Each structure stands twice: as C-alpha cells, then as structure tokens.
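**Q** Next come the chains, spelled out residue by residue.
There are 4 protein chains.
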Amino acid sequence: MDYQSIINEIAQEVSPLLVSGKVADYIPALAGVNPNQFAMTLTLFDGTQFSVGQADKLFSIQSISKVFTFTLALKFYRSALYQRIGIEPSGNSFNSIVQLEYEHGKPRNPFINAGAINITDSLINYYGADEHATEEILEFIRLLADDGSIDRDCVVALSEMEHGFRNLSLANLMKSFDNLDNPVEDVVNTYFRHCAIEMNTKMLSRAMLYLANDGLDPITGIKHISESQSKRINAVMLTCGHYDASGEFAFNVGLPGKSGVGGGIVAVVPNLMSISVWSPGLNENGNSLAGTKALELFTTKTGLSIF
Amino acid sequence: MDYQSIINEIAQEVSPLLVSGKVADYIPALAGVNPNQFAMTLTLFDGTQFSVGQADKLFSIQSISKVFTFTLALKFYRSALYQRIGIEPSGNSFNSIVQLEYEHGKPRNPFINAGAINITDSLINYYGADEHATEEILEFIRLLADDGSIDRDCVVALSEMEHGFRNLSLANLMKSFDNLDNPVEDVVNTYFRHCAIEMNTKMLSRAMLYLANDGLDPITGIKHISESQSKRINAVMLTCGHYDASGEFAFNVGLPGKSGVGGGIVAVVPNLMSISVWSPGLNENGNSLAGTKALELFTTKTGLSIF
Amino acid sequence: MDYQSIINEIAQEVSPLLVSGKVADYIPALAGVNPNQFAMTLTLFDGTQFSVGQADKLFSIQSISKVFTFTLALKFYRSALYQRIGIEPSGNSFNSIVQLEYEHGKPRNPFINAGAINITDSLINYYGADEHATEEILEFIRLLADDGSIDRDCVVALSEMEHGFRNLSLANLMKSFDNLDNPVEDVVNTYFRHCAIEMNTKMLSRAMLYLANDGLDPITGIKHISESQSKRINAVMLTCGHYDASGEFAFNVGLPGKSGVGGGIVAVVPNLMSISVWSPGLNENGNSLAGTKALELFTTKTGLSIF
Amino acid sequence: MDYQSIINEIAQEVSPLLVSGKVADYIPALAGVNPNQFAMTLTLFDGTQFSVGQADKLFSIQSISKVFTFTLALKFYRSALYQRIGIEPSGNSFNSIVQLEYEHGKPRNPFINAGAINITDSLINYYGADEHATEEILEFIRLLADDGSIDRDCVVALSEMEHGFRNLSLANLMKSFDNLDNPVEDVVNTYFRHCAIEMNTKMLSRAMLYLANDGLDPITGIKHISESQSKRINAVMLTCGHYDASGEFAFNVGLPGKSGVGGGIVAVVPNLMSISVWSPGLNENGNSLAGTKALELFTTKTGLSIF
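Chains as they are written, first to last, in the numbering used here: chain A, 199 to 505; chain L, 199 to 505; chain S, 199 to 505; chain P, 199 to 505.
Just chain A, with the same shape it has in the complex:
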C-alpha cells in the first residue's frame, strides 16, 4: 500500500476539523497551544516511517504515558498487579469516582486516572523512591523510542500539580482504602511528571512498535514483555483507552489505541505497524478531534481494522 499517499490524503481531509477542536484548558501551561496543528506518523517493523504534518513538533504526551507505566508494572508484578487494579471499562467520569468508592478503592483499569496513579505507586514501590521511579520511567520511554533526547516539561508538571485537586482526591480516596502505599503527594507528583513528558509523533510511533510485535522491539531485538502481556495491554487499550469514548473508538477506528489530552493518540496494527497522530484540538470526550478522525479514515482507507 502507498502509505505516504494515504496519510497525505488524510491530512487534507481532516484539515477543516482543526479549528473545531478545543485545546485542553484546565492546565494553564497547555491552554496556550495553537490548535491549528496536525501530524501523523506510521512506523513499520523495519523502521521505515511515513509522516505528514508537524511530525517533529514536541507535545505533552499526557495520558499516553499510562501505556508505558502499565507496561513496566505488568513486567515487574505480572498478575499480582490485579490485586490492586482491575481491567474493566469504567463508564463516564461521574462514574469513575462513584465506582472507586463502590469498589473500595480499587480502580477499574490502568488507564483511568485513579488506575494510573495506582500503577505509579506500584512503580515507586519497585524502584524504592519517587525520584528514582520518575527517572526510570523516563529512561524506559527513551529506550522504547530509541531516543535519548526525550525529556519532561517541568512547567507543565508543576502546572498540573497546582490544579490537580481531583487527582489528589482520587489518590486520597485510594489511600483511605489502604490501596496506595506511598505518600499521596509523592505519587501524584510522579504521575504528573511522566504525564509531562514531551514527544513528537515520530518518537511515539517508534516507541509503540513493541506492542505491534508481541512485546519484542523488531528493530533493537529487545524483548520488553511477553507476547501474552503485549496482547493484554492491547486489549486494555481497546476497551479502556479513550475515556468514555472507548467504545466509540473501537467502533469507528477498530485499533487498540490510547489518547492524551495533549492531543496525541497512539495505536497499533498488530503484526504490521504502530501509528501516532497529533492535533491539539479535543472533542467533547477529551480525545483529539482531528486525530480520532484521521485514524478512522486510516482504517477505512486501508481496511486494517482488527475487526
């Protein structure tokens, strides 16, 4: 298939949508981003990349980081991880606090905020200290993307901490149920720090390759996780990767993926390629408006939906 032509077409087709999205404004440091931007990158197993748009422009990966922290936690704790966290979808955000209370502080999955905070706590346990965990998570993402230049935007992390009351509420609620081991502020700070990592679509697409290839990086040959763990992360991305629009994403796009409020989305076509798209304007569910549409066009044009 002529992937370059396809993504060029897509870039044109979504361009009218760029102005309709709404940049995340609850984090002041993100509110100033120009919504009129778009990038998309495909990465094949031999490392070939096809890009369109501002594919070198760094942006805040935000919740996409949850894929990488879940990978690490699954690698270290295996099925023991499910004593503290579930893998079921959680419904709307009103529901997510209701369910956290109803289910005695056990988050429903690793991709809602409570779940990712809980995963972060388990990584602090593993690494022994929050600074250490912060560095190791960053190192792991550099390894996945094969790019040592990746770093955090400290202004964004601080800005999130100053407005992170809802996350502090969730973390304290888990702690009240004895399902958080480290001090709440340390855990939430660490969580915000890895949300504030900056990457572009080339880096993100490259970093996701292991999930398209059963846990094995086809370029470096590093086996990050087992085949079964890799399939499971993909399954959770499919069922829970897009807030309360996960069903819709599965329905319209049909690929395992994960979005972030910075406007990035990652996705994999199992056994074939990994994809990243970025456009900062969000739809009402907090997912990139043009980015979601671009992925929908991609599976429609290529027939590469997993269904």
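FYI, nobody ran anything at the bench for these hints, they're computed from the structure. All clues stand as given, with none of them false.
Which copy is meant is left open, so a pair is good if it fits within one copy or across any two.
Taking lysine-lysine and the DSBU-like style, the derived pairs with C-alpha atoms no more than 35 Å apart in a straight line are:
1) K220 - K499
2) K273 - K421
3) K421 - K499
4) K421 - K400
5) K499 - K304
6) K255 - K273
7) K220 - K304
8) K220 - K400
9) K499 - K255
10) K421 - K304
Owing to the predicted nature of the structure, the values given are computational and were not obtained by experimental measurement.
Start from chain A and add chains L, S and P according to the hints.
**A** Frame of chain A; chains L, S and P shown alone:
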C-alpha cells in the same frame, strides 16, 4: 492447523472445570440443567465444521440473541439507532441502573439488558406489532443459521416473565424518560421470547459466520449488513459482550464474542472462522466458566487473538 | 393569639407569590388547575377552625395520603414494619433510585414514592385484596376527618397510572429484591387511588388533629395510635416530609409537615393545633410555593416553631 | 420534675449496654479509651446542673465541634453561607461522596465531614489565617461554656491527620470544584484541631444552653446569634445531626442533637434545658450506644420530645 485435535485437547483440558461452574438459577426453567456438559464448534467459510462434545444438544441462547437483534436494528435504523442507545461499556450491574438514571434513560450499549430491551422496542416499531417482531427475529436467526428447525422454548420465556422484575424496572425507567415507544409488557415479553430461542453450538457457530466475513454469509452469499456495520458489531462485542467481565474476556481471549446465561458463547476470528462453545456452569460474572476457558485456550494454542 | 387576623395577614402577604409557582404538569388531569388559588385552615383541639381563602375547594391530596397510610401500617405492623422500610432521609431524586439499588430494594422512608408503594403493599397484605385496601384507606381518612363525603377522583388516578412509569420502575425494582408481595400493577394502582383522594384545607386540617395530640382525636376521643407512634410519625414528617427540601422546611418553618404535588401541605403544632394550607403553584422542589411561605410566616408571626 | 432521680435511673438502665458498644478505632489515639464509662449532665437556664456518672472526665468532642463552627459561620456569613453549603440530609456515607460529586462539590449540610471542612474553610477566610481560626474557634467554645480551661488534645489532632485520607479526598474534591479557598492541608488540619478539643458533659451541656434559648446565653446574657439562626441550627441538628441515623434519632429521641465519635452527644429541649451525655462505645452508625439510649429514655420518662 489441525483444528479437530486442538478442540479435542481443549475439551479434555476444561473437563475438570465443568463441576465448578454454577448453573443460572434465577430462571427456574434453566436451573435444572446438568452442568456437566460441554460442546464446541468451529465453522470455516466453506462450511466445514469441527465439533467436540454435545454439539447437537440444544440450549437456551439467552443474551446471545442480542447480537442478532442488534444486527437487525442496525440494518434498519443505521446511525439513527444511536439516538436511543449508546455504544460504551457500562461497568458493573449496580452501575447499570445508576447510569440509566444518570443518563436519562439512554442505555449505554445494546448488550446490557436495558439496551437489548430498547433494541427490541425499535424492532417492534419496525415490524408494527410484537408478535410480528417475535416471528421475524426468529426467522432472521433461522436464515443466519440456515436452519428452519430453530424454535423457542415457551416454558423458559414464561418462566423469565414471571421473574423478570428487574427487566420490567429497567423498561419502565426508560419509558419514564420517553425512551421506549411500545407498552412495557409487550416489549419485555418479546425480549424474553427471543432470549428463549434454543440452538446448539453447530447452529450458533454457523449463524455467526457473517460477522467473521464483513456482513456477507460466505456460504449462501447473502449480504446481511455492510462491512462497516459488521466491524462495528464486532467492536461492541469486544468492549461490551461479557457483562462486567468484558475487559477480562478481551484480555484473556482476545476475540469479539458474546455470552449468555444459558452457558453459550459465540466468537469470531475475523476473516477466518466463527466459533461457538457451550457449558452451562457459570462463573461469578455470569459467563460460562468452562466455555470462557476453552476460548482462552483456543487463542493461546492457535495464536488467533486479534491482538 | 388572634389566629384569624394572623392568617388573613398571611393570605395577603403570599398573594404576590401565587403566580410564580408552577402547577404539576406530569399528571394531565392536574395540569389544568388554576394556580391563582390559596387556602389555609387551623384546627384547635376543641374543633374551632380558622380559615382564609378557598378553604372549601377540594384538591388532590397526592403525597399527603402517605401520612395516613403510614399511620395505618404502623398501627398494624408496629416495629415489624421496619424490616421492609427505613426511616432515614433519602437525598435528591437521582439518589432515591441509586439508594434503592444500593440498599437492596429497601426504601429509605415511608414518604418517598418507593416507601409509600411499599407501605401500600403491606396494607394490601393486611386487608387481603387491593380493592379492599383502597376502600379501607378511604374509610380511615373519612374517620380521621370526621367527614363521610370524602372521595377519590378516578380520572386523576387513571391519569397517574397512564404516566406512572417511574413508580412502576421502583415497584418492579423492589419486587426484584423480594421486597414487594403483591402484583406490581395492583400495588401501584392502589397507591395512585389513595393519592387521588380529594379534600379541602378544612378537612385536611381536621384529619391531622390526632398527630397534634399524641394519637388521640381530641374531639371524637378515638385513640388512633399510641403516643409514641404519633411522635414518630411527626419525626419522620420533619426529617423526610418535603422531598429534597425537607431540611429547608425544618429550617424555615420548623414544624412536622407533609406536602403533596397537588399543592396541599399539612403540619402540626404539637399539643396545640393542626394546620393545612393549599396553593397549587409549586416551587422547584415540588412543594407549594405560597403554601410553604405561608407556613414560614405563620411560625415567624406566632413563634410556634418546635425549635 | 426530679431530674436527678431520672438521670440516676437512666444511668442504671443503660449500664448493661456499656460493654456492647465499640470504641472508635480508626483514630489510634482514641482506640485506647475504656468503653465502660458513662456520664450525663442537664443544665437549666439558671445554671443549675444535674449530673450522673463521670461528668468531670474530659473526652474528645469530635463532630460536636461542628455545631460550634456552624454557629460561628452562620453568625458571620448569614444566608450567604448557603452559596457554598446546603442544609439537606445526605443519606449513607457511600452516598456522601457520590452526592458531593453529583452536586458539583457543594456539601449537603454542615454536619457531614465535607460540610464541616467547608465551614472551616469559610472561618479561615474570616479570620485570615488557619492558626488564627483555630484559636478563635477554641475561644468561642470557652466563651459558650464559660470555662477558660478548655483545650485541644494535640496528640489526637496529629493522629487524625495521619489517618485523614478520606477527609483529604473530600476536601480535594471540593477544591477541584472551586468550593474551597484555602490550601487543603491547612483546612483539614484546622478541622482536625477543633475536633480534638476536650470537654466533659458539664462543659458541653453548659455550652449548648444558647441553643435552648434562641441564641441568648441565659446566664451571661450574651446574645450569640439571632433567634432565627438558633432555631435553624436546631433544625439542622434534628435532620442531619447523627450521620445516617438522624431519622432514627429524631424518631426515638425527638430532640435536636449532635453526636461525635468520641462518644459524646449534645441535645437541647427548646426553652427549657440543654443536655450532654457521654459513653465511648459506639453503635453501628457511629453514635454512642448507651448515650443514644439514655436520651431516648430521658424523653420517654419526661415526655420532653419536641414532637
């Protein structure tokens, strides 16, 4: 692949589980089923079937019927259907009534009871009368399975109606929000009647073939629904097909599927085959215990997970 | 105190509010009532009545009937009644279905709809048949008001049944938890029938006298219930008598009372008098706007709040 | 009435209950209290006190402090206070976080934890700093009790802060909805500090006298709040003063009152006296078991229920 050997192996490996499940007992007519039964059938696009166990034994398809009614409603109403029903996962059953209230009577997806009742209502609208809808749904399933002998078990349908207070509660709640057009009793009766259809794994596996093949029955050549509709039904099966264990099923099995409390499960391997498995003993989430395990073993042994 | 002058003053002071209320419109038969009406009656222990406004005009007592059915059920079942019903406030109406689910079908108190339906069910048990219960409830109210002319408005009862889906939903939910003994339709029909009883403020004020006097009717000398039961009904009126504005009513008026969506309110000043007020325009919480204000003015002018 | 004999009788009658209660154990500093203790004090308007049991023994007033902080906030902010807080009952504790979320961070009343934390925040606003607020609240309680010796137990306050994750969760949730002005830790610390004030039943009974007398201390002649404010605090105590057993307390005791997990309860008989009772063993709802029974016996024996 030697499918026959694989399913023979599976049948042996799950046999110790048969006694651990618990037959659905809230419907008296189902409570008497012997749990010590198992069957599995695979159907390829040329019609070849591989079966093991009691593959000719009829059982109550229960919620599996929701796949077929959703298919009909999607065919008739297309995207207009989403004005009355969502496609997002719904969380636990406590949640499902909370969310129905919170979301003003709009069910979250076609596979929770409220959603399937709502779909039934739309089909009564289409066919003009509940008896007519009941017959046409049955005819459609006969067509899908290419088997005119399929019929309902009226004793089960009556038994369900006598104990269907929770479903009547959901239906009345939707009606109070003006999201149900026909009389509550008629709709719920029709719903229970198609839940009480009896099939065996050969019939069910055969009937699901269209969803493995983009809406086209590869044997009869009938195009039941469009490719896009077919992919979407598969997506909803993956995200919402197994009550509050949908994430776990995606995680462990990795195929779009739908279970019923009669102990049946259907699943598809896109572009390759359709599967049905049956064992009446249920796990704590209401899905067939041995059946779920059999499908997990199947994707492990064959590598045919969509992830 | 010169009660007549006080209520005359009140009638004048609330008259500008009459137009601001909103007549209940979910029951077609009630929607046509002219909101520009007001009546208030006080009844002393010797039978003396002070009235102002349209005190002879009959209106639908609606939820005020719950006071009388609770009285009967408490009389017959005593503390055994609390196995099926609670006496705690229930929060907003979103909450009331959430809590009914959370608390396994046990309504929080006799004055929310689920509770009053449940009480009705217990009275059908006691009397043996729904028609019989309907008649006996009416007879009891006639006895309390010492007025054999009191009757039901069948048009209103039918109209409610035709739009009573939410109540049918609650009743079915209780039935699914085995907390309703009789057929749902019979119970809800009986409930609607006693809601549709018509009385005026003179009758209602007279009927409430027993609750101002520890269960004993000071005029006829009939001991309807014990002193302790009487105090308890007053306590439940105070904590739960005005939907999600019960706290506000206690706060602003400071008397045990119960309102209905027909615009009526009853209240008692323990050891002194009973009161009824009526004005069909409702506030946002479903309580009579001018009626609530009239009672607030009454306790302010007389200092007769129980606090 | 011979109050001394009555309370002597009560002390004897409740003594078998002392061992059945369960001392609050979630605060380590309180867990060690001997449950086998009881005290009760009545205070008349001329200052006469009747006491029985360990009426000089200091205990942690805990949630009883909410009555005093609500009094201060109502005095300073009057009805403006209701922009940030409601006055409706809240149901069970599962509900209280659900409702805080559902109602966008506005607590339902000043006596649930979220409400008292919110009230504390408003007092920090008024006094300008949390240390200042802490001191002024203590001074106000000394003034009410006419006893300068009253002080806080810093060990208890620290102990609560170390285990106060649920309260921190509630406070952060309010903050995320912009309904908390000061830093979360400062507010919750201040809240815990006034919960940790130590008093005995003589002091508490004396301190409550103003609420039995329309806001005016009958001994010192100080007018703390208006008559209307006083009645309203009593109304909120009646509807919301005893966690999810407020309806039951109104039902069984019939007096406005407030309990604390330290085992203390305060109550008022309007226009006659104020009461305090103490026994550290709690019932399942977190209210003093013997204390609640003692008050029930008191209104039964004296007929002094407000109903």
